[in-house]
Amino acid sequence: MTAVAFRDTTAIVGIAQTEFSKHLVPTETELAARVIVDACADAGIDPSEINALCSYTMEATEEVEIARNVGAGDITYFSQIGYGGGAGCGVVGQAAMAVATGQAEVAVAWRSRKRGSGPRPWSNTSTQLAVPGQWTRPHGMLRPADEIAALTRRYMHQFGATRDHLANIAVAVRGHANRNPAAMMFEKQMTHEDYLAARWISEPLCLFDNCLETDGALACVIVSADRARDCPHPPAYVHAFAQGLPAQHQTMVNFFNEDPLLGPAWACARRLWANAEFGPADVDVAQIYDAFTPLILLSLEGYGFCERGEAAGFTENGNLEWGKGSLPVNTSGGGLSEAYVHGFNLITEGVKQIRGSSTAQVEGAETCLVTGGEGVPTSALLLRR
Amino acid sequence: MANAAAFSGGSVTNLGPSVEGFLTPASDEESQPFWDGTELGQLRVQACAACGRLRLPPRPMCPHCRSTQREWRAVSGRGTVWSYAVPHPPLLPAYAELAPYNVIVVELAEAADIRMVGNLVTGPEGPINEIDPATIVIGEPVEVVFGRLHRADGSSVALPRWVRAGS
Chain A
2 MTAVAFRDTT
12 AIVGIAQTEF
22 SKHLVPTETE
32 LAARVIVDAC
42 ADAGIDPSEI
52 NALCSYTMEA
62 TEEVEIARNV
72 GAGDITYFSQ
82 IGYGGGAGCG
92 VVGQAAMAVA
102 TGQAEVAVAW
112 RSRKRGSGPR
122 PWSNTSTQLA
132 VPGQWTRPHG
142 MLRPADEIAA
152 LTRRYMHQFG
162 ATRDHLANIA
172 VAVRGHANRN
182 PAAMMFEKQM
192 THEDYLAARW
202 ISEPLCLFDN
212 CLETDGALAC
222 VIVSADRARD
232 CPHPPAYVHA
242 FAQGLPAQHQ
252 TMVNFFNEDP
262 LLGPAWACAR
272 RLWANAEFGP
282 ADVDVAQIYD
292 AFTPLILLSL
302 EGYGFCERGE
312 AAGFTENGNL
322 EWGKGSLPVN
332 TSGGGLSEAY
342 VHGFNLITEG
352 VKQIRGSSTA
362 QVEGAETCLV
372 TGGEGVPTSA
382 LLLRR
Chain B
823 MANAAAFSGG
833 SVTNLGPSVE
843 GFLTPASDEE
853 SQPFWDGTEL
863 GQLRVQACAA
873 CGRLRLPPRP
883 MCPHCRSTQR
893 EWRAVSGRGT
903 VWSYAVPHPP
913 LLPAYAELAP
923 YNVIVVELAE
933 AADIRMVGNL
943 VTGPEGPINE
953 IDPATIVIGE
963 PVEVVFGRLH
973 RADGSSVALP
983 RWVRAGS
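Chains as they are written, first to last, in the numbering used here: chain A, 2 to 386; chain B, 823 to 989.
No lab work stands behind these hints: they were computed from the structure.
Each hint should be verified, as a subset may be incorrect.
As the list claims (entries may be wrong) - A partial selection of chain B residues facing chain A, derived with a Cβ cut-off under 10 Å:
1. G874
2. L878
3. C887
As the list claims (entries may be wrong) - Covered stretches of chain B (in silico footprint by chain A; criterion: 3 or more residues with CB under 8 Å from a CB of chain A, positions within the stretch not fixed):
4. 844-850
5. 897-908
6. 916-924
7. 940-952
This structure is a prediction, so every number in the text was calculated from the model and none was measured.
Note that beta-carbon positions come from the ideal geometry of N, C-alpha and C, so glycine has one too.
All chains should be built: construct the whole structure from the sequences, respecting the hints.
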């Protein structure tokens, strides 16, 4: 099957999410099982029909446990994708490929994570020091925020971006969360001035450049386009999907190649747009992985919404804001202000935009780009109505 | 390690008590010669023994000519600041005590695609928070020095650190 033949042959027909909170009582396994059953109910499909299971390598709930809990039958396709926040769209994309190629009929993708309750991953010193941590950690580059801070400082130096541009992103996304009752930051307004007054985490990144810490789980159900038409909700067709791991990439500390500011988004985008029958100008709304605000700057360039070095200007005049800008971004509040669950809420929000059920609905949205994290081997999806 | 005999030794200075609790590098089979080099006050980079291209982090195969013949070469220890970050808490306790401090990314003079992470300090034993981050300039030239970090078990490791060129 070619990428052209793959277009729109599968669709996301069921989505579900748990509450998002700093602390949820149930285990990750219970959250995952519940949300998968809920996603099946949303799709009008009995969980016993699930025969493909796809998730992240960082997912702690394993296929065997999921299948035993939700009462699945024979699972004939299962896969996991690595690199944390880069994985999400690849998880859904591989599930869609499994359905498109006849390996399975009902595929489920999920992510369940109690990141809010757990310790900060970077504080586990026993995993700090192996490759590639030996090159960075002893010097106090301890956290992903420190790694991205250095990339951001370079981006600012090279292209003249300022903190005001990062603020444009944080404020736009927060505004979207303020419309979304499920968002952790639903009730917390943030102004440009609030952003600038926030405490530092790793200069030039402040608190509001960093994503939330969340307990939560999400899932989606993927079936063939034929079957999708019989499901209760309008299908979100998987128009195209791509993954990207560029030459000589070093995850998170992409300092060991010619141009560290040209990351995986560019490789992923080249394949994505080659696979699609439309381009960036035809995207009505975008869900861009936002563990850190500058990842949105890099992704806007990587996915071709603007030229290299122009993403800062692209954020001006509310251009990323719902009801105002040319490209509303992260309309549920994203990882910055809805929930940080390795980007899976970006996928479900993309589906909601295509269904017409978002709390920041882009009127008549027919296409949505969803991306995984820039800075790590990544992935992207184009959803269409 | 064919070139090791040709290396000229530098000096390694003991770091003071301010670094107690710092993380120390865990070397692996590929990287051990790098840390053997810092013990001698030498900054080494892995090189392909067939085509000569430099690479870091080290790995078994040259991505240009696919040779697995490899060696380590001493480099000048000169470079320029490519970027930097200034971490603030929450951090591991030993680092939180010194925050905010600088972490710089140094582009090596010998290979623009090799950038080493380190700290800009006033001398081999200088604390990581001594230099005002506001004075750090992207593009400024720096030189390597070495400071010895002692582990709780009595062992130690020499870390490359960076001072302003000519200082």
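Hints, one by one, checked against the model:
1. G874: Cβ of B/G874 sits 17 Å from chain A, so the hint is violated.
2. L878: 6 Å, holds
3. C887: 14 Å, violated
4. 844-850: Per the Cβ count (7), the hint holds.
5. 897-908: With 5 residues in contact (Cβ-Cβ under 8 Å with chain A), the coverage given for the stretch 897-908 of chain B holds.
6. 916-924: It holds: at least three residues are needed, and the stretch 916-924 of chain B offers 4 whose Cβ sits within less than 8 Å of chain A.
7. 940-952: holds (count 3)
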